[in-house]
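Asks: Protein sequence lines, in the order shown, are assigned to chains A, B and C.
To convert, take the position in the first sequence, counting from 1, and add 29; that gives the numbering used here.
To convert, take the position in the second sequence, counting from 1, and add 324; that gives the numbering used here.
To convert, take the position in the third sequence, counting from 1, and add 1; that gives the numbering used here.
Note that these hints are calculated values from the structure, not bench results.
None of the values given here were measured: they were computed from a predicted structure.
By construction, the Cβ of each residue, glycine as well, lies at the ideal position given by its N, Cα and C atoms.
Hints may contain errors.
[Unchecked claim] Stretches of chain C that chain A covers, calculated by requiring three or more beta carbons in the stretch to come under 8 Å of a beta carbon on chain A:
(1) 122-132
(2) 316-325
(3) 341-347
Listed here are the chains, written in short residue letters.
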Amino acid sequence: MTAHKRTRGALAALGTVSLIALTACGNGGDAGDGGDGGSTGGGGFEPGNVTMIVPFAAGGGSDIAGRATAAGFEEVSDATITVRNIDGGSGAVGYSEFLGEAGNGNVLLATETALIALPATQDVEFTYEDFTPIMMLGEDYTLIVVNADSELQTCPDLVEKAKSEGADVGISGATGLDNIVFTLMEEETGASFNRVPFESGAELLTALLGGQVEAISVNPGEVSGQIESGDVRPLCAAAQERYEYEMLADVETAAEQGIDVSFAQFRGVLAPGDISEEARDYWIGVGEEFVETDAYTEYIESNMMQPTAAFGDDFTAVLEENDRILREVVGQQ
Amino acid sequence: MPAGRTNPFKDGVCDVTGADEPALAEERSGPSRADVIGTAIVLVVGLVVAVMGWGYGFQADNGQVGPGFLPVLTGSFIVVASALELLRMFLAPTAPVEGSFMEGVEKVEARAKEELARAMAESGGGEKEELDVFGRTHRQRGRAVQLVFGVMFVAILLIPLLGLLLSMTLMTFVILRFIESRGWLMSAAVSAGAFLFFFLIFRLALGLPLPTGMLGLV
Amino acid sequence: MLDNLVLGFQTAITPENLLFCLVGVVLGTVIGMLPGLGSATGVAILLPVTLSLDPVTALIMLAGIYYGSQYGASTSAILISTPGDSSSVVLSLDGYQMARRGRAGAALSISAIASFIAAIVSLVGLMALAQPIARWALNFGPPENLAIILLGLATIVSFAGENVLRGITMAALGLAVSMIGVASGFSTARFTFGSINLLSGLQFVAVMLGIFAIGEVLNQIRAGGVTPIRARFRDLLITRTELRRSVAPTLRGTGLGFIVGVLPGAGATLASFMAYGVEKQVSRYRHEMGNGAPEGVASPEAANNAAANASFIPTLALGIPGSGTTAILLGAFIMFGLQPGPLLFAQQPDLVWGLLVSFFFGNLILLLLNLPMAPVFAQVLRVPYAYLYPLVLFVSLVGAFALGNNTFTVWVVFFAGLLGYFMKRFDFPAAPFVLGLVLGPLLERALVQTSAMGHGSLLILLQRPVSAVLLVVALLALSLPLISSVIGRYRRRHPARQDI
């Protein structure tokens with residue numbers, strides 16, 4: 030069941046007192062229009078009431094990223110940023126609505142791999158070139174994990190099993206990052222996995238813990254609790270280098286085990302297409318300031334991501350590279 | 325006695341469905357026209373679902389359930405079930421089969437009971453015989469339904485112009501003043517009150533971004 | 002266990018935590034009453050407000066919003082046939098009929114009492130057995146889910162009305178409508194006719210708002226409207242008989258809701274439908290159901306609250322959200338720097354137990370608030386319908402917007418209203434249609450997953466013992482009422498061989 034909700038990001042700073050005023054339907058209302066200009070960025074553009082679109086339902090990774098960014102951006106600028114979840118169609122609805130905001134510097138979108146995956150696999154009207162890339166927050170590699178009881182020890186074990194007796198792997202949908210990772214593994218090794226599609230990370234994890242599927246591929250932030258408790262065991266990381274986070278430092282990369290596969294999901298912020306140069310520079314400035322804050326570090330660390338922030342054209346370059354890989358993968362399916 | 329909502333024999337006029345089937349109209353003792361048309365529509369929908377579903381792929385390449393699997397099954401089921409239903413409608417009242425005959429009787433009985441209950445409720449509730457609680461005659465009621473739908477339709481169309489809350493307020497006012505013929509003052513007061521209530525809850529307390537429309541007021 | 006309880010009480014009973022528990026449940030009740038704003042929306046909207054609070058306090062308040070909205074959602078379903086959330090749709094059957102018969106106060110009281118009992122019973126289950134139950138529920142994979150959903154579908158017969166064949170056809174139509182959008186596990190867009198808005202399908206809550214709220218309003222106008230209820234205050238109170246008749250259904254609903262709620266992939270909405278279906282089969286008063294029987298209020302309401310509480314079991318015991326709302330709550334854990342997972346009980350005992358004990362206080366507050374408020378809320382029905390119905394339209398359409406955050410959803414509600422009007426006018430039952438709509442996505446997902454696990458063969462359903470048993474039960478549940486209705490008809494035709 031989907032949930033649709035929107036949030037007023039500005040409230041993080043509100044204290045207990047105004048909360049009570051608010052519950053009494055009192056005057057805990059909008060704290061002005063935030064229209065007196067940013068403390069950062071070039072002149073000429075002043076944000077008004079800004080909306081941060083999250084093209085997925087509340088509670089997921091994109092939602093957490095969007096809310097963290099909105100709160101962080103608010104802190105370093107004077108903008109009032111409201112988060113709006115517009116979910117549906119694996120993100121297609123939110124992106125399509127965003128496409129209609131062309132030229133509006135007061136709308137942002139919390140983006141991730143769906144930006145690339147959707148145009149590559151579905152009939153949507155947009156590509157990443159229709160938007161203005163502002164910043165990449167960082168990259169999120171995936172772990173191949175199994176139930177702690179599994180006899181598999183490494184990723185080659187999994188591949189071996191797929192070849193000999195077949196292996197069920199859970200994926201989170203046709204365009205999910207995990208499907209891409211498994212497809213890359215298939216191409217590299219010649220094995221083939223039997224995919225069981227699920228709707229969310231939560232469902233995937235339930236299926237793995239219940240022994241319904243052999244292995245899943247997930248972002249480490251989604252399973253850290255279960256890895257720590259010993260319910261779930263990582264086989265390998267589909268990453269270029271080993272994680273620096275203590276919990277995952279021992280996890281070998283797929284390449285170390287002889288399967289040269291790595292694919293990172295990016296998370297970032299987009300502005301609509303055709304916005305003014307000033308607006309673009311303003312938001313890039315805000316992003317550069319956000320990366321310096323503790324809030325940014327905390328976000329990256331609690332989700333076990335790589336702090337590979339990139340801005341403007343550098344972010345565009347990442348998108349181009351991602352697009353190329355993805356179209357190759359999908360094209361061969 | 326006001327005509328009941330479901331009496332198939334007397335109230336066979338369905339002014340809003342539009343479709344006309346003179347062939348059925350003469351068959352007075354047959355099934356009600358609403359039942360036939362309704363079931364036929366359902367049958368057509370089922371057919372469309374099944375056919376389009378087939379186009380989406382009954383099975384995926386690997387022999388597993390495809391995106392069209394359930395649509396085909398559901399659509400076919402609808403087609404078969406509504407065909408049976410139609411068949412029964414035409415055969416049941418005349419056919420000598422005891423089971424289906426009893427069913428027909430049961431149906432009539434049930435309708436009569438409902439009719440009676442309705443009539444009793446109405447005579448018990450309203451003081452005047454002819455008019456309902458809105459002060460409308462039977463004929464006016466059907467018109468009121470169309471009017472309310474019309475006002476809602478226009479109000480939703482106006483959202484991009486006036487914004488959500490203002491359109492809805494206007495809708496409430498128009499319904500109260502012109503369809504329900506309440507006084508200007510009362511209509512204005514109630515719609516303003518509704519506006520205020522929703523403004524307080526949605527905008528101030530919960531801070532939901534509601535569309536303000538081209539006017540950009542609230 | 003006892004130590005933990007004491008710890009929980011110590012945490013929950015501080016004035017601050019009690020205050021925010023109260024704030025949460027009151028806010029939740031209000032949010033629940035407004036159609037379109039369900040518990041998930043409520044928690045998400047108010048999540049940022051709580052970030053400045055202590056984590057325990059914040060989670061107590063957010064959870065309060067969750068179960069508070071379960072209480073509120075039934076109120077509007079009963080009074081004006083406008084369900085506040087998907088799990089209270091069933092309440093607009095018998096609950097609304099009770100209200101129309103002047104028993105609104107009683108219906109609201111029954112709903113509050115049933116909610117309370119279900120909440121407390123399931124809370125005890127949650128506290129005592131969270132870990133083992135959560136582990137047990139993991140055994141339910143896609144094939145078992147599929148069997149349970151088929152069992153849910155078998156309850157259609159209970160909703161079908163007089164013409165069973167037509168009822169089942171309407172359920173199939175609901176299924177068909179639920180297939181609009183991108184198919185689960187595929188990237189094929191179905192029945193969208195090029196519309197981006199349809200990619201994610203029609204929202205269940207929007208369709209049901211249209212059918213139940215708007216459809217009902219227009220039918221009332223056409224039928225001549227309803228007279229305002231001029232009952233004395235005393236008549237609004239619940240009677241002893243109503244209370245007595247509600248006991249067994251409440252307990253049945255609680256048990257069923259708890260089990261369905263803890264399973265992955267089901268949820269409170271399915272639980273409430275199934276509870277109604279069961280009641281319609283086993284209750285002594287089953288023939289009154291649909292016309293305002295207390296059983297039709299108590300059982301689904303208990304089931305939906307028990308299921309809501311049960312969804313905390315995988316959430317707290319495994320760190321895997323058991324429902325849309327608990328997914329957002331889990332997001333809140335992360336924002337507070339807490340790592341949800343199987344170790345949560347061990348690492349954060351004060352937080353977990355404080356939260357659980359607060360459920361007890363929260364539900365107690367809700368009961369104490371709702372019981373005296375029931376006759377007061379029932380006064381709404383004294384408002385002349387000519388004033389009431391424009392306001393119902395207002396709240397439904399604004400709620401529709403809040404639901405999908407776009408005008409498209411408002412149109413969905415409008416056209417669903419049109420559909421609901423014609424369905425009711427021409428005797429095409431709406432309840433099975435809605436059931437099909439609820440179960441459609443669940444059914445399809447489980448079907449696709451099962452087929453993938455069986456490498457294309459659905460025989461896997463019979464190879465796994467649990468799903469095989471459930472499948473047999475589903476078949477029995479579907480066929481028994483049919484058989485008994487045939488027997489009943491036979492008896493009526495041969496009145497000589499009379500009753501047992």
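Asks: Against this structure, judge whether each hint is valid.
Replies: Comparing the hints with the structure gives:
1. A count of 0 residues in the stretch 122-132 of chain C with a Cβ less than 8 Å from any Cβ of chain A is obtained; the coverage claim is therefore unmet, three being the minimum.
2. Counting residues of the stretch 316-325 of chain C whose CB falls under 8 Å from any CB of chain A gives 6; the rule of at least 3 is met.
3. Check on the stretch 341-347 of chain C: 5 of its residues sit with their Cβ under 8 Å from a Cβ of chain A, so the three-residue criterion for coverage holds.
Checked against the numbered hints above, the structure breaks only hint 1 and satisfies the rest.
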